[in-house]
Amino acid sequence: ILNVEQSPQSLHVQEGDSTNFTCSFPSSNFYALHWYRWETAKSPEALFVMTLNGDEKKKGRISATLNTKEGYSYLYIKGSQPEDSATYLCAPIGGATNKLIFGTGTLLAVQP
Amino acid sequence: DAGVTQSPTHLIKTRGQQVTLRCSPKSGHDTVSWYQQALGQGPQFIFQYYEEEERQRGNFPDRFSGHQFPNYSSELNVNALLLGDSALYLCASSLGAGSSTGELFFGEGSRLTVL
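First to last, the protein sequences are chains A and B. Per the working numbering, numbering of the first sequence is gapless, rising by one per residue and ending at 113. Per the working numbering, numbering of the second sequence is gapless, rising by one per residue and ending at 117.
Simulated from the structure, these hints should not be mistaken for laboratory data. Fair warning: there could be bad hints in the mix.
Stated by the list, open to error - Simulated DEER-style distance windows between Cβ atoms:
1. A:E6 to B:L13: 44 to 50 Å
2. A:S11 to B:R113: 18 to 24 Å
3. B:G18 to A:K60: 24 to 30 Å
4. B:G30 to A:A42: 35 to 41 Å
5. B:D64 to A:E6: 39 to 45 Å
6. A:V14 to B:G5: 26 to 32 Å
7. A:K59 to B:G100: 26 to 32 Å
8. B:L41 to A:P27: 21 to 27 Å
9. B:A40 to A:K43: 14 to 20 Å
10. B:R59 to A:T52: 35 to 41 Å
11. A:T41 to B:L13: 18 to 24 Å
Predicted, not measured: the structure shown is a model, and the values here were computed from it. Each residue gets a CB set at the ideal place from its N, CA and C atoms; glycine is no exception.
Assemble the whole structure, with the sequences as input and the hints as a guide.
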């Protein structure tokens, strides 16, 4: 998997707004998709690892869906808070490996 | 339970020099991967070490080499530094080299500046 696209590149929302971003990837030879959150001056942290078409995962106010047939995943944040400000990275895996191919990320800024 | 630690956190080198970056994986993890994050890009996979051997490699020249020790810690070496090697170098640890569903645990990175 070489071509991973994330959109939008950046997003500025107000506290309380709900938001979503997209990760697009080639649908062939898909094994898994990882989502990571990366706050400034910290290390990236895993949010979700998804493998099945139609899968939906949730952690608090954050959820993600996966469509492996058409090659995309959505990440949703309900009621954004300033502490959600971070870069959100997706990384599909095209094989029995844990070599992640990262997108360029979506930078989310939540204004209080 | 110590997470992934990297050293040094920042360093400055000049073109042509060599640099060594170090990584201690999360306790219990046996696999270490290295990523380079240049400005405006997502992390790019450099290589992965498991059982003291390089198991996978990304699209990086031979100037980039590594090592894994019996205690699973790892080093990344870059020779003949170029200006374009300036980046944040991230180390990530995991359990098992072939699991596509095991999440990676990252360190905070080593920021390399090449002048």
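| Falls inside 26 to 32 Å, the C-beta gap from K59 of chain A to G100 of chain B? | holds (28 Å)
| field | Status of the given 18 to 24 Å range, CB of L13 of chain B versus CB of T41 of chain A | value | Distance hint for T41 of chain A, L13 of chain B holds at roughly 20 Å.
| request: Given the hint of 26 to 32 Å, check if V14 of chain A and G5 of chain B actually sit that far apart at their C-beta atoms. | output: The hint (26 to 32 Å, Cβ to Cβ) holds, given that V14 of chain A and G5 of chain B are roughly 30 Å apart.
| Should the hint that E6 of chain A and L13 of chain B are 44 to 50 Å apart at their CB atoms be regarded as holding? | Violated, at about 33 Å.
| field | Range agreement (Cβ of R113 of chain B with Cβ of S11 of chain A, hint 18 to 24 Å) | value | Since S11 of chain A and R113 of chain B have Cβ atoms about 22 Å apart, the given range 18 to 24 Å holds.
| Is 35 to 41 Å a correct range for the gap between the Cβ atoms of G30 of chain B and A42 of chain A? | violated (26 Å)
| field | P27 of chain A and L41 of chain B - C-beta distance against the hinted 21 to 27 Å | value | holds (26 Å)
| query | Cβ-Cβ distance between D64 of chain B and E6 of chain A: within 39 to 45 Å? | reply | violated (30 Å)
| Is 14 to 20 Å right for how far apart the beta carbons of A40 of chain B and K43 of chain A are? | holds (19 Å)
| C-beta pair R59 of chain B, T52 of chain A: status relative to the range 35 to 41 Å that was hinted | With Cβ atoms ~25 Å apart, the hint is violated.
| Satisfaction of the hinted span 24 to 30 Å by the C-beta atoms belonging to G18 of chain B and K60 of chain A | At 46 Å between Cβs, range violated.
Going down the numbered hints, you'll see the structure goes against 1, 3, 4, 5 and 10, while the others check out.
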